[in-house]
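Fit chain B to the known structure of chain A by using the hints.
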Amino acid sequence: MAHFTKATSVKDWLNQRLAVDKVEKVMASEYWIPKNINFLWAMGMVLLITFSLLLCSGIFLLMYYVPTVEGAFYSVNYTIMREVGFGWLWRHIHGVAASVVFLIMYIHMFTGIYYGSYKKGREMIWLSGMLLFIAFSTEAFSGYMLPWGQMSYWAGMVITNLFAGGSLHADGLVEWIRGDYVPAQAFLGRFFMLHVVLVPVAILGLIGLHFAALRIPHVNNQDGEEIDFEAESKKYLAGDKAGSKVMRFANDFLSKDMMVVGIYLLFFFYLVFYNYGFAMDPVNFDPADGLKTPAHIYPEWYFLWSYEILRPFPIDTGLVLFGLAQGIFVALPFLDRSPNAVPASRRGLFKIWFWAMLCNMILLTSMGKLPPEGIFSQIGLVSAILFVVLWVLLPIITTFEKKL
Amino acid sequence: MQDSSRRGFMGKAFGAVAAVGALGSLVAMKSSWDPLPSVKEAGFTTLDMSIYEEGVMVTEKWRGKPIFVLKKSASTMEKEKGNAAAEARNIKVGDSNFMVAIGLCTHLGCIPAFRADSNDFKCACHGGEFTASGLVQKVPPPRGFDIPPFKIEGNKLVLGEVGPEFKKMKDTGITL
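Protein sequence lines correspond, in order, to chains A and B. Just so we're aligned, residue 1 is where the first sequence starts under the numbering used here, counting upward by one. Just so we're aligned, residue 405 is where the second sequence starts under the numbering used here, counting upward by one.
It should be emphasised that the hints constitute simulated quantities derived from the structure, not laboratory data. Errors might be hidden in some of the hints.
What the hints assert, rightly or not - Here are the simulated lysine to any residue pairs, SDA-like style, with alpha carbons at most 20 angstroms apart:
1. A/K35 x A/Y181
2. B/K555 x B/A446
3. A/K292 x B/G531
4. B/K434 x A/D180
5. A/K351 x A/T111
6. B/K434 x A/F163
7. B/K444 x A/Y181
8. B/K526 x A/Q185
9. B/K496 x B/N559
10. B/K434 x A/Q185
11. B/K555 x B/S454
12. B/K574 x B/G564
13. B/K444 x A/D171
14. B/K465 x A/D171
15. B/K526 x A/F376
16. B/K434 x A/K35
Just chain A, with the same shape it has in the complex (with noise of 0.2 angstroms):
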């Protein structure tokens, strides 16, 4: 057994037993962050504080929230909204994130995407994200099951239908999802249970994969350059603060971090009190009902652009290439050859690649809006043809790009 001295301060009892010194200097003052890079390496500290506000309006919310297809519509709309102090704030700060997180997301990935953050040992910090973007559109999906308003049903009957696999008719394997025929109190009380339970546990385990992923290779700069962390860092120590390329994560670049977290939440609460109704679907405030399909369903909107993928096709190409949408951005590292980590300008075609998908998916987005008709259908399937056709062309234009 360890020997145990007389402690001589709370913080040496700490030591004794739990290494409180060195856990800090290994956590955060002596884990190293390049200096050479901007606002867009705020994003991750973004990504926690707002799955924090996810966290802490859950649970409130799940105080009052009734998981039967009797309660659900009442309890949501009633009994939080009216009857609960504040509960009108824990609703809108749920819905707004739930929107926000997506966005900050997409920024994330193709702040990842532009810098080629996913090559030369940054793989697994690109996998475990995609993991995390999975795990988080589950949990979008099982969540906007529970307030059961028209959206909520239908949505719920259309994703479900998914699984029938198109000309497969697995149509047992969709009952055996809802356990029903239709969406019904079987198929809430589970997506209430993932909503709340399984997702979240999964993606707490997720957020420490994720940053378990960064330790070794380290964050990127925006030059891609390769830096000795550890020379560097040796520098920092020495007193070269200035001349070392590295600076300490806490409290020199945590500083900066929760400067931009500063100004977003500024923008985030802005949206919770002033301008909520974006993510609040007028359409969900009716109640759910068998056998009424809403005018119009459509997803919210970070999921559009998958959806305007499958929408212009015959069901069986629409649902593989569909499914091809969810999957190909985890194969990413794989599919670009280029062995250069630099930004997508220095790339020559790739940043033409770079700049066409994410036009791309701004127009999907924006077409899987739109109700399927006359130009919009057109426009739409070029559009999720050229997203095909771009992935098809990654790998051959990397493969031929100048090795810098």
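Leaving out everything else, chain B in the frame of chain A:
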């Protein structure tokens, strides 16, 4: 080496116990998600077919799903003549002809709306269209409306039970 050691044996023995346990728990978990017996038992609906009016689309309910019932007028029957796919889907109860189908788009399950003026159905979700006989008029739906299992009993139609007319439709691939 390790395979023949006691530790190797203990590892395998534990592996075997764990595998049986894991398999057993998977069976239990799968069954817990199955539709409950009460849900399955509530799956029958009887319709009195003498009450419907020609050309008026009525939505009934079976297993929580909407059922479209459309009594066809003489002019609709005239239009169907010669269209084998449409004729095969016709359900004759007494002297009346009906289109009876599950009112869910075969694409992803939205409820198409009946358009009385053009005598057809349009799905708002992804733009699919169906004729008054329940056949696809415009994709993405991969096939016409599914027909629920039915049995004709005099003037009544029992949904959920398989009668000879439905069996024939199923065997010939008219419906799933």
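message: Between the alpha carbons of B/K496 and B/N559, is the straight-line distance 20 angstroms or under?
response: holds (10 angstroms)
query: Given the proposed pairing of B/K526 with A/Q185, does the C-alpha separation stay at or below 20 angstroms?
result: Since the Cα atoms of B/K526 and A/Q185 sit roughly 29 angstroms apart, the hinted pair is violated (cutoff 20 angstroms).
field: Hint consistency between B/K444 and A/Y181 [alpha-carbon to alpha-carbon, up to 20 angstroms]
entry: holds (9 angstroms)
field: Pairwise hint evaluation, A/T111 against A/K351, where the allowed Cα distance is 20 angstroms at most
entry: holds (13 angstroms)
message: Hint check: B/K555 vs B/A446, CA-CA at most 20 angstroms. Holds or violated?
response: Status holds; Cα separation ~17 angstroms.
message: Can you confirm whether the C-alpha distance between B/K574 and B/G564 stays at or below 20 angstroms?
response: With a Cα-Cα distance of about 14 angstroms, the restraint between B/K574 and B/G564 holds, given a limit of 20 angstroms.
- prompt: CA of B/K434 to CA of A/Q185, is that 20 angstroms or under?
  reply: Given that 20 angstroms is the threshold and the Cα spacing comes to 17 angstroms, the pair holds.
query: Is B/K434 within 20 angstroms of A/F163, Cα to Cα?
result: Answer holds: B/K434 to A/F163 is near 16 angstroms, not above 20 angstroms.
query: Has the given pair, B/K434 with A/D180, been kept, meaning a C-alpha gap of at most 20 angstroms?
result: Satisfied, since the Cα-Cα distance of roughly 14 angstroms is no more than 20 angstroms.
- request: Would you mind confirming whether the straight-line C-alpha gap from A/K35 to A/Y181 stays at or under 20 angstroms?
  value: Not satisfied, since the Cα-Cα distance of roughly 57 angstroms exceeds 20 angstroms.
- prompt: Taking 20 angstroms as the top limit, are the C-alpha atoms of B/K555 and B/S454 close enough?
  reply: Cα-Cα ~15 angstroms, so holds.
Hinted pair B/K526 and A/F376, Cα distance within 20 angstroms: Between B/K526 and A/F376 the Cα gap is close to 18 angstroms, so the pair holds against 20 angstroms.
In terms of the numbered hints stated before, the structure departs from hints 1, 8, 16, listed from lowest to highest.
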